[in-house]
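Residue numbers (our numbering), protein chains in the order written: chain A, 214 to 556; chain B, 17 to 265.
Warning: the hint list may mix true and false statements.
[Stated by the list, open to error] Simulated restraints on C-beta separations:
| id | chain 1 | residue 1 | chain 2 | residue 2 | range |
| --- | --- | --- | --- | --- | --- |
| 1 | B | Gly42 | A | Asp394 | 28 to 34 Å |
| 2 | B | Ala29 | A | Lys266 | 23 to 29 Å |
| 3 | A | Tyr525 | B | Thr48 | 48 to 54 Å |
| 4 | A | Lys520 | B | Thr128 | 38 to 44 Å |
| 5 | B | His118 | A | Asp394 | 37 to 43 Å |
| 6 | A | Lys395 | B | Val53 | 25 to 31 Å |
| 7 | A | Gly279 | B | Ser45 | 54 to 60 Å |
| 8 | A | Lys520 | B | Gly122 | 45 to 51 Å |
| 9 | B | Ala247 | A | Pro324 | 44 to 50 Å |
| 10 | B | Trp44 | A | Thr484 | 56 to 62 Å |
| 11 | A | Asp394 | B | Thr128 | 32 to 38 Å |
| 12 | A | Pro324 | B | Ser45 | 29 to 35 Å |
[Claimed, not checked] Non-contacting residues of chain A with respect to chain B, defined by C-beta distances greater than 12 Å in every case (computed):
| id | residue |
| --- | --- |
| 13 | Gln276 |
| 14 | Ala278 |
| 15 | Pro324 |
| 16 | Ser325 |
| 17 | Gly374 |
| 18 | Gly427 |
| 19 | Gly444 |
| 20 | Thr484 |
None of these hints come from the bench; they were simulated from the model. Bear in mind the structure is a predicted one, so any value in this text is a computation, not a measurement. Even for Gly, the Cβ is constructed at its ideal location relative to N, Cα and C.
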Amino acid sequence: MYLFTMPMNKTRKLILLAAAAAALVAAAAAAASTRGTNLAFVAYSTPKPVMQKIIQAYAQTPQGAGVSFTQSYGPSTNQAKAVAAGQPADFVFLSAGDDVNLLVDAGLVSPSWDKQSYDGIAANTVVVFAVRNGNPKHIKGWADLVKPGVQVVTPNPFSSGSAKWNILAAYGAQRRLGKTDKQAIAYVRELFRHVVSQDTSGSNATNTFLSGKGDVLLTYESEAINARLQGKDIQYVIPRQTMLIQLPVALVKTSKNADATNAFLRFMRSTTAQNLFVQYGFRPVNPQVAKSAAAQKEFPARPGIFKIDDRYIGGWRAADKKWFAPGALMSQIEEAVGGPSSG
Amino acid sequence: MSYLTVIVALPIAALVWESRSDGVHGFWSAVTQPEAVAALKLTLWISLIVALVNAVFGTIIAWTLVRDEFPGKSLVNAIIDLPFALPTIVAGLLVLALYGPHSPVGLHLAFTRTAIVLVLCFVSLPFVVRTVQPVLYELDRQMEEAARSLGAGEATVFTRVVLPNILPGILSGVAMAFARVIGEIGSIVIISGNLPFRTEMASVYVFNQGQSGNSAAASAVAVVLLAVSFAVLLAIGAIRRLATRHERG
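I would like the entire structure built from these sequences, with the hints used as guidance.
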């Protein structure tokens, strides 16, 4: 079309330019494939520093020598959607099992991913209350969050995976304290009356809290430890009843390096890698590392820790249907709390 | 023309297509969700306020830059465009640092509607300044002299001579600022607190819906935003034509 109406020399220049660009791309691709195996993984944001350490440690091992990695980090659900839409990946490392289920539905991950060794989990963390230094509002348990004048920061459950964990933790804790389904839902509604900011992601919520807003931030233990490591002015309280957040890894079916990927996934559960997880504030899944002095000191046991497959919650599919689907409990609660009546 | 098709028309067509994937009824129920209605209302009001505030202050700044001489003028002139270059999420962080709970100037505005207006004024300020400035440069000052020599006061000179001339420029700037602000998200997610029904803007609502896999609802609300922007741009175009009818004879 337009191209043919151009003077000849201009067209030729364009073609030359295109050819040069194509040659460059081809050369770059060749360079990447000449040396060893390359594993691409797509992960959620928080494990970036620890994953880089684990990759360094892997390079020191016999099976890890010469393996290179292409890494992608971002919000968990976004990352899962990108893979579903065709972003190349050998494995995924996400912040919630329902994001892996999204890939199961897309036919990219085996439905039995959570039946593998360690139930498909690479590391754990728990829902904690980050509070101001010295805990001036004396926050100890869930009941303290709904006392008059207490302001809570938690992300929006429709965009943030960590918000979903927080809500299910709040509900599950009430059930474990002997409340009925109805009472526990009423507690979540009351909790949301105390919510003063609903950020789009866990890390935005942390920023909001660190900027000085609110008395309590519902967050991951690993995030709180990380903030503390960075010298931020917060401390955190682990409630007696809280939720074990399980961070899944899963092989992507389309991977052409399945054996190399599985070898790396095994390495992620080795003592070396699990000790690195401990250093960065994650609870280990390897029982040997869990018994280590460092892990025992950093991660106090809690009697009332429960998981997503707890009988009161019933797994991700049931939780999504009951709480987070359009028109389900959370949209009703948002409306009841924020609607014109209290506006 | 084919450039326009690939870059603009196709994506918009795809958006409209996605928004009606649940049928007309689905579209209607998506945009009449109480939370969506609240977010849309808030967005339109705030965009309107921001556009008006910038119409006034943008014009004053443009006037100062064209008519007054002061040291550092070229520096100020360059600073005006910075909001365009700054990632808006940084604008949000800046306003949060300035007017948040740890405010060094003692203003605690963060997480309120006022903060939203503030950060959006910042983001969209260049539009009015940059559309009014060239018109003011071009303006023949002899017209003003003539008016004054005929006994007109300064107020009359401004409202009867200057304003009619720069009005098309102001209107273009306001229209662009309004359309820009309606879809803004980067700075908003940081500063607004995103409380549904209170400080949740439509763009954030769309983002949340998209994130929870409800892309039909997200597209439906986005289509409403687009339609409003389009209507405003058309309306302002019409007013401009009306305002410049003398020149075109």
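Comparing the hints with the structure gives:
At roughly 30 Å, the beta carbons of Gly42 of chain B and Asp394 of chain A sit within the given window of 28 to 34 Å. Restraint check, Ala29 of chain B to Lys266 of chain A: a C-beta distance of roughly 47 Å breaks the suggested window 23 to 29 Å. Distance hint for Tyr525 of chain A and Thr48 of chain B: a CB-CB separation of about 34 Å, inconsistent with the stated range 48 to 54 Å. The hinted range of 38 to 44 Å is satisfied by Lys520 of chain A and Thr128 of chain B, whose Cβ atoms lie roughly 39 Å apart.
Remark: the range hint 37 to 43 Å for His118 of chain B to Asp394 of chain A is upheld by a beta-carbon distance near 41 Å. The hint said 25 to 31 Å for the Cβ distance between Lys395 of chain A and Val53 of chain B, and at roughly 29 Å that hint holds. As the Cβ distance of Gly279 of chain A to Ser45 of chain B is approximately 56 Å, the hint placing it in 54 to 60 Å holds. Between Lys520 of chain A and Gly122 of chain B the CB atoms are about 47 Å apart, so this pair conforms to the stated range of 45 to 51 Å.
At roughly 48 Å, the beta carbons of Ala247 of chain B and Pro324 of chain A sit within the given window of 44 to 50 Å. Separation of Trp44 of chain B from Thr484 of chain A is about 58 Å and conforms to the stated range, judged on CB atoms against 56 to 62 Å. At roughly 36 Å, the beta-carbon separation of Asp394 of chain A and Thr128 of chain B lies within the given 32 to 38 Å, and the hint holds. Taken as a hint, the range 29 to 35 Å holds for the pair Pro324 of chain A and Ser45 of chain B, whose Cβ atoms sit roughly 32 Å apart.
Every beta carbon of chain B lies more than 12 Å from that of Gln276 of chain A, the smallest distance being close to 38 Å; the non-interface claim holds. For Ala278 of chain A, the shortest C-beta to C-beta distance to chain B comes to about 40 Å, beyond the 12 Å cut-off, and the non-interface label holds. No Cβ of chain B comes within 12 Å of the Cβ of Pro324 of chain A; the nearest lies about 19 Å off, and the non-interface call holds. Separation of Ser325 of chain A from chain B is adequate, the least Cβ-Cβ distance of about 23 Å exceeding the 12 Å criterion.
At the 12 Å boundary, the C-beta of Gly374 of chain A falls inside the reach of chain B, the nearest C-beta of that chain being 9 Å off. Listed as a non-interface residue, Gly427 of chain A fails to keep its Cβ farther than 12 Å from every Cβ of chain B; the least gap is roughly 9 Å. Here Gly444 of chain A stays apart from chain B, with its beta-carbon at least about 16 Å from theirs, past the 12 Å limit. For Thr484 of chain A, the condition that its CB be more than 12 Å from all CB atoms of chain B holds, with the nearest at approximately 37 Å.
Violated hints, in rising order: 2, 3, 17 and 18; the structure is consistent with all others.
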